[in-house]
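Sequential numbering of the sequence shown, starting at 1, is according to full-length UniProt numbering.
In short, the hints are calculated from the structure, not lab data. Some hints here could point you the wrong way.
[Stated by the list, open to error] Taking lysine to aspartate or glutamate and the DMTMM-like style, the derived pairs with C-alpha atoms no more than 25 Å apart in a straight line are:
hint, residue 1, residue 2
1, K22, D87
2, K103, D479
3, K353, E342
4, K465, E443
5, K160, E172
6, K22, D50
7, K458, E331
8, K353, E367
9, K45, D87
10, K21, D50
11, K74, E172
12, K465, D428
13, K193, E203
14, K103, E392
15, K199, D420
16, K253, D377
17, K287, E392
18, K250, E203
19, K235, E367
20, K458, D420
Note that the coordinates shown come from a computational prediction; the quantities given were computed from them, not determined experimentally.
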Amino acid sequence: MDVGFEIQMENMFHTAYFVVKKDKSFSDFPDLVELNRRTGSNMPKSYLSDKACARFIVDIYDGEMEKLLANLKKARFISIMIDGATDVGNLENEIIYIKFFDKEKGVVQSFFGIEDVKHANADGIIAAVDSVFQQAGMENWRDCVVFLCADGAAVNMGRKNAVAAKLKENIEHLLAIHCVAHRLELGMVDSIKDDAQLKKLQEVLQFLYQQYHYSPKALRELRMLAQALEEKVLKPTNPRGARWLPYIHKATKILCTSYAVFVAHFEDQISPERTPQPSAAVLGRAKNILKYLKCHKNVQFMHFMCDTLDLLKTMSLQFQQNDLIPGEAVEYLEVCVSGLTELSLQPGEQHAKMLTDAEAGVFKGVELSNVSEGTLDSERKRITNTLITHIESRLGDLSTQSLVAKFHALDHHNWPSGEDFILHGQLDVEALCRHYQAILQREWTSSSEVMAEYRLCKVWAKNRKGPLRETLQEILQRDDLMKKYKGLSILAQIYLSASRPATAACERGFSCMKRVKNDWRSSLATSQLNRLMFLSIEGPSLETFDAKRAVLRWWGSGPRSRKPGFTSRVNQPTEDEMEEELIELE
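Generate the whole structure from the sequences, applying the supplied hints.
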């Protein structure tokens, strides 16, 4: 390929990659090429079509996917996360994320593919997952899978004919976990159903959202009033609009922060001087909500819930981290339960501040009714106990008795001192060996060898200060330690390969799907959608992307007649053939 033409094509591929990363339509490609040419870029005068852009994307995707598969096929164990959703073309899709350990890169998590589901049952979902792995050339993917994470739909996590149950028929050691972030939110929903005070607060938050979401006039008046009071106000959000707890926290936080503005607006609505007067229904709702907001006990409760939801929000965000592993989820749960117990014993930061500011019965300029000196002692204990009960019931498989928690035996930070150190963790490691016995046999090791290596590892790791993740990675990345802890390294790699027990990444993947396959691209084929989503999520940044490899791949594939000056190296003529051709031309 001519050097000048190669540079021109690299510029074309960079432009095509920009189209993908910014989720733009292929039809924008010719205009972007023309714009680059007008601003001085060296661009060819051919390939100015949306179909050319789509063809370039195939070569870019193949190159990036090739890098991922090169590492994936070397991994001994992998974990998968799956979730389903319907796209704008009314096709049901299953999205697959993978996680594995790579000796050079450490723990790797990546979007792997999306496939349309032919039948919305367990067999159909498994067929879709199988199709994605087969397209990647991994027909024996079941031999490597050790962990599955999905949402709580019956088709995924049911006991008999669900995806997890059917996979366990062939993969006995498979550990399947319902997304912990979903279960945390479900625990909150259960608590709201059981407690009238929580239910009332949710109704107030929902009323505020509907009041200012469906009425531009009410929202305009609220903002004008905030400007007059020199206060900042945010538009109330929907507490039921998402499955993640931070949205409930945000709705409560807005109410507490802009409390004075909301009260002033509802007082204005019921004022007899207001013209025109609102309808009787509007007046009734305004009086009802105003009565709730001006009650001293309710204001206390709102701020107590802010403190409570701060803890739950933090745990929810921790559950949604990309590098979360099941053992860490157990720790986060224990910390949250401890924080809730502390709130039951004494007021939190925001609750205490509200009590201080409202000592005279006036809070943020609003005179409160039914002023009491209490700090909601009984209510705080009741609410926190209800939350702890429902959250622990939803996250019961993360308890200290679960198989996931038994990996804590590898954590040197939890090891005791003295005589307890000698026997600590042995029962847990034995339980892990029994569960993964088939894998140990496949790797030509035994439980007794693992136990002996565990005793040696305890002596080596007991004085280390780094986190468990770094300790296990060092074992797997150093050849001398891998040889020394051959059997124990299997458990270490399984633990690091264990997928994050949350499907937040899948939800982000579906957000990407909605950006890529929108109303103007509703007929996008699943194969092309898969390429665009992979590059948008996992592709390198625009600053680091190098198009040279993709250009060479494109140059060596496809019809030769479409590539000016192309001559296949394999089919290059010999010197005798060239001489005969010259004689013939003469």
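A quick look at each hint next to the structure:
no., hint, verdict
1, K22 to D87, "holds, 19 Å"
2, K103 to D479, "holds, 10 Å"
3, K353 to E342, "holds, 17 Å"
4, K465 to E443, "violated, 30 Å"
5, K160 to E172, "holds, 14 Å"
6, K22 to D50, "holds, 16 Å"
7, K458 to E331, "holds, 21 Å"
8, K353 to E367, "holds, 17 Å"
9, K45 to D87, "violated, 36 Å"
10, K21 to D50, "holds, 16 Å"
11, K74 to E172, "holds, 22 Å"
12, K465 to D428, "holds, 22 Å"
13, K193 to E203, "holds, 12 Å"
14, K103 to E392, "violated, 36 Å"
15, K199 to D420, "violated, 48 Å"
16, K253 to D377, "holds, 22 Å"
17, K287 to E392, "violated, 39 Å"
18, K250 to E203, "holds, 15 Å"
19, K235 to E367, "holds, 24 Å"
20, K458 to D420, "holds, 12 Å"
Of the numbered hints listed earlier, those contradicted by the structure are 4, 9, 14, 15, 17.
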